[in-house]
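Participant: These are the residues of each chain, in order.
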Amino acid sequence: MKKLLHTAIVAAVALALLVPSGCKIVSGTYVVEETFYDLTPNGTGDYYYEALDITDNSVWQDHKDDIKDIDNIGFEIWLNSSAASANNFNCYVDALASSLGGASSKSAVIAGATHVLVDVPMPAGKSFIGYAASFSHITNLSTLKTLGETGQFKFWAMADVTTSSFTVDSIKVVVTLTAGT
Amino acid sequence: MKKLVMVTLGLLLMLQSASAAGLSAGVGAFGGVGIPVAQDDQSQGTVFGIRASVKAFSVISLEPHVTFLKYGDPDVDEIIDDPTGAKVNGFGVDARLGSLAGPGLSPFFFVGIGTYKVKNDDLQIDESNTGLSGGLGVEIGVGPSLGLEVRGRFDVIGTEGGGSKKAALITAGVNYHFGL
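Chains A and B supply the protein sequences, listed in that same order. Residues in the first sequence are numbered from 1 upward in steps of one, following the working numbering. Residues in the second sequence are numbered from 182 upward in steps of one, following the working numbering.
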């Protein structure tokens, strides 16, 4: 009887500890992956531009109303460079509502958007930047996460050479999020 | 490593004080598997740690512990370049209901609270959060002071946005008790 009483006390304490965080217990961490192919160069050949939108993704759709945290955002990018030598590849992002877009000058994008991928080596020929490897080039991650909360953001990709010398064959956006009720 | 040494020294100091005060106390080590629960970005890994125990009331003991969990590398669908798993280092105190080791089987329940540091250098993650835990186990006395235990533990670690990271830890360990 005494043991039963002790068990009941501990169970009550456990409940008292856990119930206030009940909303936390039913949350989970999910990975949203969305790939965008053959980005379009802007008219002057300064950069590739795309309004990235992952809101149609089924995992995003399942959890969009209960997102607690954007844990991380990374990329997988396939490039193809016809330049004779290696170049640096850089990416910028901004909110979907930003006045910057596919018609903005390169200098305006660099000045006004958020630099997120810095000096990724782009050798001649096909190259690949993996998800884990992308983090060694990612900067301003907190801004990127904030933009990621909407599931949509503007994206610019540029290199030391013009877009006639390289293509962005695909870019996969990988968003890790914690969601729950 | 420096923190581990400091915490270990702290636990030993606490045990020495408990022993000097005539309290029942003990020290133990454990290891096992850590299973992520509802975490698509982690996979099963390994866990080990050390634990002290001090008898507080008749069958209630306090168990400060340090735990080192290393998740396995995840295999997320369609990601070619998966990152390594995260490390979760925790320091906390459990309240254990059940007698400390003695002859035969000693089943027990526990609940606890702790602080957990989640780190993944690959993904620029380095954050500390508070977590709650609970579980049950059984200790088998194999001598007057020695016990072997198996324990199941469920950790819920809060995140800044109000979510949580959860893990189930299944461990086996050995405990040495004195003052019983």
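It is worth saying that the hints were derived from the structure and are not from the lab. For each residue, glycine too, the CB sits at the ideal point set by N, CA and C. It cannot be assumed that every hint is accurate.
To be verified - Straight-line distance between alpha carbons at most 27 Å, and here's what the computed DSSO-like set of lysine-lysine pairs gives:
| hint | chain 1 | residue 1 | chain 2 | residue 2 |
| --- | --- | --- | --- | --- |
| 1 | A | Lys145 | B | Lys300 |
| 2 | A | Lys145 | B | Lys268 |
| 3 | B | Lys236 | A | Lys64 |
| 4 | A | Lys145 | B | Lys251 |
| 5 | A | Lys145 | B | Lys298 |
| 6 | A | Lys64 | A | Lys145 |
| 7 | A | Lys126 | A | Lys106 |
What the hints assert, rightly or not - Examples of chain A residues toward chain B, derived with CB under 8 Å:
| hint | residue |
| --- | --- |
| 8 | Gly28 |
| 9 | Asn72 |
| 10 | Ile138 |
Participant: Indicate, hint by hint, whether the structure satisfies it.
Facilitator: Now the hints, each set against the structure:
| no. | hint | in the structure |
| --- | --- | --- |
| 1 | Lys145/A x Lys300/B | holds (18 Å) |
| 2 | Lys145/A x Lys268/B | holds (21 Å) |
| 3 | Lys236/B x Lys64/A | violated (47 Å) |
| 4 | Lys145/A x Lys251/B | holds (25 Å) |
| 5 | Lys145/A x Lys298/B | holds (20 Å) |
| 6 | Lys64/A x Lys145/A | holds (15 Å) |
| 7 | Lys126/A x Lys106/A | holds (24 Å) |
| 8 | Gly28 | holds (3 Å) |
| 9 | Asn72 | holds (5 Å) |
| 10 | Ile138 | holds (7 Å) |
Violated hint: 3 only; the structure is consistent with all others.
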